[in-house]
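Protein chains: 2
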Amino acid sequence: MKFSKKILKRASEINSRMIFNLDVEKGIEILDKIYPYLAACKINRTLTDIIGMNEIKRIIEQYPDLPFIADFKIADIPHTNDVLSKNAGHVGFDAITVQAFVGSDAVMAVQKNLDVILVVAMSHEGAKEFISENTKKFCELALNLNIDAVVAPATRTEEIKTVKEILKSQAIILSPGVGVQGGNFGDAVRNGSDFEMIGRTIYDVKNPKEIANEIYEKLPFKK
Amino acid sequence: MKFSKKILKRASEINSRMIFNLDVEKGIEILDKIYPYLAACKINRTLTDIIGMNEIKRIIEQYPDLPFIADFKIADIPHTNDVLSKNAGHVGFDAITVQAFVGSDAVMAVQKNLDVILVVAMSHEGAKEFISENTKKFCELALNLNIDAVVAPATRTEEIKTVKEILKSQAIILSPGVGVQGGNFGDAVRNGSDFEMIGRTIYDVKNPKEIANEIYEKLPFKK
Numbered sequence: 001m002k003f004s005k006k007i008l009k010r011a012s013e014i015n016s017r018m019i020f021n022l023d024v025e026k027g028i029e030i031l032d033k034i035y036p037y038l039a040a041c042k043i044n045r046t047l048t049d050i051i052g053m054n055e056i057k058r059i060i061e062q063y064p065d066l067p068f069i070a071d072f073k074i075a076d077i078p079h080t081n082d083v084l085s086k087n088a089g090h091v092g093f094d095a096i097t098v099q100a101f102v103g104s105d106a107v108m109a110v111q112k113n114l115d116v117i118l119v120v121a122m123s124h125e126g127a128k129e130f131i132s133e134n135t136k137k138f139c140e141l142a143l144n145l146n147i148d149a150v151v152a153p154a155t156r157t158e159e160i161k162t163v164k165e166i167l168k169s170q171a172i173i174l175s176p177g178v179g180v181q182g183g184n185f186g187d188a189v190r191n192g193s194d195f196e197m198i199g200r201t202i203y204d205v206k207n208p209k210e211i212a213n214e215i216y217e218k219l220p221f222k223k
Numbered sequence: 224m225k226f227s228k229k230i231l232k233r234a235s236e237i238n239s240r241m242i243f244n245l246d247v248e249k250g251i252e253i254l255d256k257i258y259p260y261l262a263a264c265k266i267n268r269t270l271t272d273i274i275g276m277n278e279i280k281r282i283i284e285q286y287p288d289l290p291f292i293a294d295f296k297i298a299d300i301p302h303t304n305d306v307l308s309k310n311a312g313h314v315g316f317d318a319i320t321v322q323a324f325v326g327s328d329a330v331m332a333v334q335k336n337l338d339v340i341l342v343v344a345m346s347h348e349g350a351k352e353f354i355s356e357n358t359k360k361f362c363e364l365a366l367n368l369n370i371d372a373v374v375a376p377a378t379r380t381e382e383i384k385t386v387k388e389i390l391k392s393q394a395i396i397l398s399p400g401v402g403v404q405g406g407n408f409g410d411a412v413r414n415g416s417d418f419e420m421i422g423r424t425i426y427d428v429k430n431p432k433e434i435a436n437e438i439y440e441k442l443p444f445k446k
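Sequences listed follow chains X and E, in order. Each residue of the first sequence is one higher than the one before, counting from 1 in the numbering used here. Each residue of the second sequence is one higher than the one before, counting from 224 in the numbering used here.
Fair warning: there could be bad hints in the mix.
Here are the in silico distance ranges between beta carbons for each label pair [unchecked claim]: (1) X/S12 <-> E/N367: 43 to 51 Å; (2) X/K112 <-> E/E437: 33 to 41 Å; (3) X/K86 <-> E/K256: 21 to 29 Å; (4) X/D65 <-> E/E388: 49 to 57 Å; (5) E/K335 <-> X/P220: 36 to 44 Å.
The calculated DSBU-like cross-link candidates involving lysine-lysine, where the alpha carbons are at most 35 Å apart (straight line), are [stated by the list, open to error]: (6) X/K26 <-> E/K309; (7) X/K128 <-> E/K309; (8) E/K384 <-> X/K136; (9) E/K249 <-> X/K86; (10) E/K384 <-> X/K137; (11) X/K128 <-> E/K335; (12) E/K351 <-> X/K86; (13) X/K26 <-> E/K280; (14) E/K280 <-> X/K86; (15) E/K228 <-> E/K432; (16) X/K26 <-> E/K225; (17) X/K161 <-> E/K351; (18) X/K136 <-> E/K387; (19) E/K351 <-> X/K137; (20) X/K206 <-> E/K309; (21) X/K137 <-> E/K391; (22) E/K360 <-> X/K112; (23) E/K229 <-> X/K128; (24) E/K359 <-> X/K112; (25) E/K360 <-> X/K161; (26) E/K335 <-> X/K86; (27) X/K168 <-> E/K360; (28) E/K309 <-> X/K209; (29) E/K429 <-> X/K112; (30) E/K256 <-> X/K86.
Computed from the model, here is a short list of chain E residues facing chain X with C-beta under 10 Å [said to hold, decoys possible]: (31) R268; (32) G275; (33) D294; (34) D299; (35) H302; (36) V306; (37) V325; (38) S327; (39) H347; (40) A350.
Just so you know, the hints here were simulated from the structure itself, not pulled from any lab data. These figures come from a predicted structure and were not determined experimentally. Ideal placement from N, C-alpha and C gives every residue a C-beta, glycine not left out.
Construct the entire structure; sequences and hints are all you get.
Given below as structure tokens:
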């Protein structure tokens, strides 16, 4: 099943637009407490570097109903992107984030192996230097390559609107930058995003399940 | 010691401008045969995904005189780039490749932990879409951040010339794309590059040591 369909099915079933950022080791335990609230889980290189891909495979296998995203923001030449996405597919990921700025052929090399979530905008200050000015072109690239999921930051709602205007219903929008990075829960969704990514906000609290439940209630899938 | 000094010292000692791309498992055995010819070794995510970072640490420790590059082309937000580069430093890498496209703050987050090799140009066809038009600006970013090593492809000698003109003696230039990707050994160096990266050319031959020696003779450090 295509990634966008898989995550929308899960979102509808559990009535949630929340994605968990599993990027440090202590998150593994938290995932086990909060997974009933999650539409998907994304795993960063910061975790694969520490525990290795075999352990990642074991985690993914424990949650067969939960879509998993390799948030690797791959940005290499086509041959390398091909190998990296094959490896991510082998451990069980449903989709992988790819930097649009590397160009069409590098993105297409991934599509042969795994569903692409295209990074068309980013949440940090430095994104204004080279990324923001190309966001529209990155969206056109997504249209041309029939990509059905993109990343656009919760911290810049105007960019989410731009992305939504260009992609309309072709692609779902996933938004990082909520919580510690400055975005408020629900803002991205209200501006056209489909899913919000939550990480550091949950890590630094005493009762992650309680906080997950609070955020969950702010991010219903059904209105 | 700064990465640029370390690789130039090694290059001078063994009279070579050759960097080996260790990107698949069978390369580990080849490295052991050809390391006397190498100015440095770069390791891609394609290998860390398969054998894990602990095994990477073990390999790096075996060659204390050889500079190692984490060719991870990292392209994430500052917080994530910070963690990724710390991890790479912990396993013993001397430097890490970073995509200039993500902007100043994301690059500076790495500089606190590890020497940066800035990707200012790339070798594949798709690089013409968004990267090539920004190469000059990426070089100015390198100047502003006192970066002393950049990547520019052997397949586009005109881009190497442009990079050299802007950076002059501030930064060394490392060039991928030699061999299978189309560049001839020595062309990049003749056009202003300091080091050429060799990978698939050596992997697909019967006697890697013989081929390494042939390439070595085409890439002397001293003229």
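Evaluated hints:
no.	hint	in the structure
1	X/S12 <-> E/N367: 43 to 51 Å	48 Å, holds
2	X/K112 <-> E/E437: 33 to 41 Å	34 Å, holds
3	X/K86 <-> E/K256: 21 to 29 Å	27 Å, holds
4	X/D65 <-> E/E388: 49 to 57 Å	56 Å, holds
5	E/K335 <-> X/P220: 36 to 44 Å	41 Å, holds
6	X/K26 <-> E/K309	18 Å, holds
7	X/K128 <-> E/K309	25 Å, holds
8	E/K384 <-> X/K136	31 Å, holds
9	E/K249 <-> X/K86	18 Å, holds
10	E/K384 <-> X/K137	28 Å, holds
11	X/K128 <-> E/K335	22 Å, holds
12	E/K351 <-> X/K86	25 Å, holds
13	X/K26 <-> E/K280	23 Å, holds
14	E/K280 <-> X/K86	24 Å, holds
15	E/K228 <-> E/K432	27 Å, holds
16	X/K26 <-> E/K225	34 Å, holds
17	X/K161 <-> E/K351	28 Å, holds
18	X/K136 <-> E/K387	32 Å, holds
19	E/K351 <-> X/K137	14 Å, holds
20	X/K206 <-> E/K309	27 Å, holds
21	X/K137 <-> E/K391	33 Å, holds
22	E/K360 <-> X/K112	33 Å, holds
23	E/K229 <-> X/K128	34 Å, holds
24	E/K359 <-> X/K112	33 Å, holds
25	E/K360 <-> X/K161	28 Å, holds
26	E/K335 <-> X/K86	32 Å, holds
27	X/K168 <-> E/K360	33 Å, holds
28	E/K309 <-> X/K209	30 Å, holds
29	E/K429 <-> X/K112	31 Å, holds
30	E/K256 <-> X/K86	29 Å, holds
31	R268	6 Å, holds
32	G275	4 Å, holds
33	D294	8 Å, holds
34	D299	5 Å, holds
35	H302	8 Å, holds
36	V306	4 Å, holds
37	V325	6 Å, holds
38	S327	5 Å, holds
39	H347	4 Å, holds
40	A350	6 Å, holds
Against the hints set out earlier in the document, no violation occurs for any number.
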